[in-house]
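A.B. asks: The chain contents come next:
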Amino acid sequence: MGRRLPITNQVRTLRERAGGMTQAQLADAIGVTRQTVIAIEQGRYSPSLESAFRIAREFGVGLEDVFGWQE
Amino acid sequence: MAFQEKSAWIMVVALLLGGAFYLNLVSSFSAAIGTLAPPLLPTVIVYTIILIVVAVIGHILIGIMTPREANEPLDERERRIFSKASSFSGYVLGLGVIVSLGHYLILQDGDLLFYSVFASLMIAQIAEYLCRIALYRFGAL
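Each protein sequence line maps, in turn, to chains A and B.
If you read the first sequence in the numbering used here, its first letter stands for residue 1, the second for the next number, and so on.
If you read the second sequence in the numbering used here, its first letter stands for residue 72, the second for the next number, and so on.
Think of the hints as simulated: they come from the structure by calculation, not from any bench.
Note that CB positions come from ideal geometry on N, CA and C, so glycine has one too.
Among the hints, a few may not be true.
[What the hints assert, rightly or not] Which chain B residues face chain A? A few, computed with CB under 8 angstroms, are given here: (1) A73; (2) D180; (3) G210; (4) A211.
[What the hints assert, rightly or not] Example chain A residues on the side facing chain B (calculated, C-beta under 7 angstroms, incomplete): (5) V32; (6) T33; (7) Q35; (8) T36; (9) I38; (10) R44; (11) Y45; (12) S48.
[To be verified] Restraint ranges, calculated between C-beta atoms of paired labels, are given here: (13) A/A24 - B/L94: 37 to 45 angstroms; (14) A/A24 - B/L178: 33 to 41 angstroms; (15) B/R139 - A/G20: 51 to 59 angstroms; (16) B/Y175 - A/G31: 44 to 52 angstroms; (17) A/G31 - B/F100: 47 to 55 angstroms; (18) B/G161 - A/S48: 19 to 27 angstroms; (19) A/E71 - B/F185: 50 to 58 angstroms.
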């Protein structure tokens, strides 16, 4: 249950760069709960492809600028 | 804490309270008659009423505290959590029913069969909500 997923992300960094966007604001923007954004940032949840695109579009960056793969 | 996690905690409390009430009633009735008391509809009805009352009051309270979250549909992570917890609960219920049927085949006691299947149902429900809570808190999905 406590395992980390191989998909890494820069969501927190991108939020801070985007003028300190809050987790709740990002959650509203992409249509998930704040707890889901927290889980994504902590590497406990890999979002669906649709949500991943929504996050990337929200920050105006490419998908691979937000998400990465770590073996 | 997510609304659905609060909801799961309420259901765990409601199920435990209802279960404790039911167990207490059946054990005291059984002690009074000196054998396992037969299943009675009124006790099941009271159990159900306790469950509904605690669940409704609990949900009204958390709904008042977080009205916005209460009206939000499940998001994609929550749907996965619900699905996994439901699947886990199904296994628990299945195991309970198999054990109950095995028990019946050996002891041929219909009353005991009722109680063990009913207990399996209660345990499976509690397991489902506990699984949801665990996935909300620690799950890597």
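A.B. asks: With reference to the structure, classify each hint as holding or not holding.
C.D. replies: Hint check results:
1. Contact between B/A73 and chain A, as hinted, is supported at the beta carbon level, the nearest pair being about 4 angstroms apart and thus within 8 angstroms.
2. With a cut of 8 angstroms, the hint placing B/D180 at the interface with chain A is violated, because the nearest CB-to-CB distance is about 38 angstroms.
3. A distance limit of 8 angstroms between C-beta atoms decides the matter here; for B/G210 the minimum to chain A is near 6 angstroms, and the interface restraint holds.
4. Of the supplied interface hints, the one on B/A211 holds, with its beta-carbon coming within about 5 angstroms of a beta-carbon of chain A, less than 8 angstroms.
5. A distance limit of 7 angstroms between C-beta atoms decides the matter here; for A/V32 the minimum to chain B is near 4 angstroms, and the interface restraint holds.
6. Annotation: A/T33 was flagged as interfacial toward chain B, and the flag holds, the nearest CB pair being 5 angstroms apart, inside 7 angstroms.
7. For A/Q35, the interface hint holds, the least distance from its beta-carbon to any beta-carbon of chain B being 4 angstroms, beneath 7 angstroms.
8. Interface hint at A/T36: satisfied, since its Cβ lies 4 angstroms from the closest Cβ of chain B, which is below the 7 angstroms cut-off.
9. A distance limit of 7 angstroms between C-beta atoms decides the matter here; for A/I38 the minimum to chain B is near 9 angstroms, and the interface restraint is violated.
10. Interface hint status for A/R44: upheld, as the beta-carbon distance to the closest one in chain B is roughly 5 angstroms, under 7 angstroms.
11. Residue-level restraint check for A/Y45 holds (minimum Cβ-Cβ distance to chain B is 5 angstroms; threshold 7 angstroms).
12. Nearest Cβ of chain B to the Cβ of A/S48: about 5 angstroms, under the 7 angstroms cut. The hint holds.
13. The hint said 37 to 45 angstroms for the Cβ distance between A/A24 and B/L94, and at roughly 43 angstroms that hint holds.
14. The hinted range of 33 to 41 angstroms is not satisfied by A/A24 and B/L178, whose Cβ atoms lie roughly 56 angstroms apart.
15. Checked against the hint of 51 to 59 angstroms, the C-beta distance between B/R139 and A/G20 comes to roughly 22 angstroms, which is inconsistent with it.
16. The beta-carbon spacing between B/Y175 and A/G31, approximately 49 angstroms, falls within the hinted interval of 44 to 52 angstroms.
17. A hinted range of 47 to 55 angstroms for the beta carbons of A/G31 and B/F100 is consistent with their spacing of about 52 angstroms.
18. The hinted window of 19 to 27 angstroms between B/G161 and A/S48 holds, with their beta carbons roughly 24 angstroms apart.
19. In this structure, A/E71 and B/F185 meet the distance hint of 50 to 58 angstroms, their C-beta atoms being roughly 53 angstroms apart.
Against the hints set out earlier in the document, violations occur for numbers 2, 9, 14 and 15.
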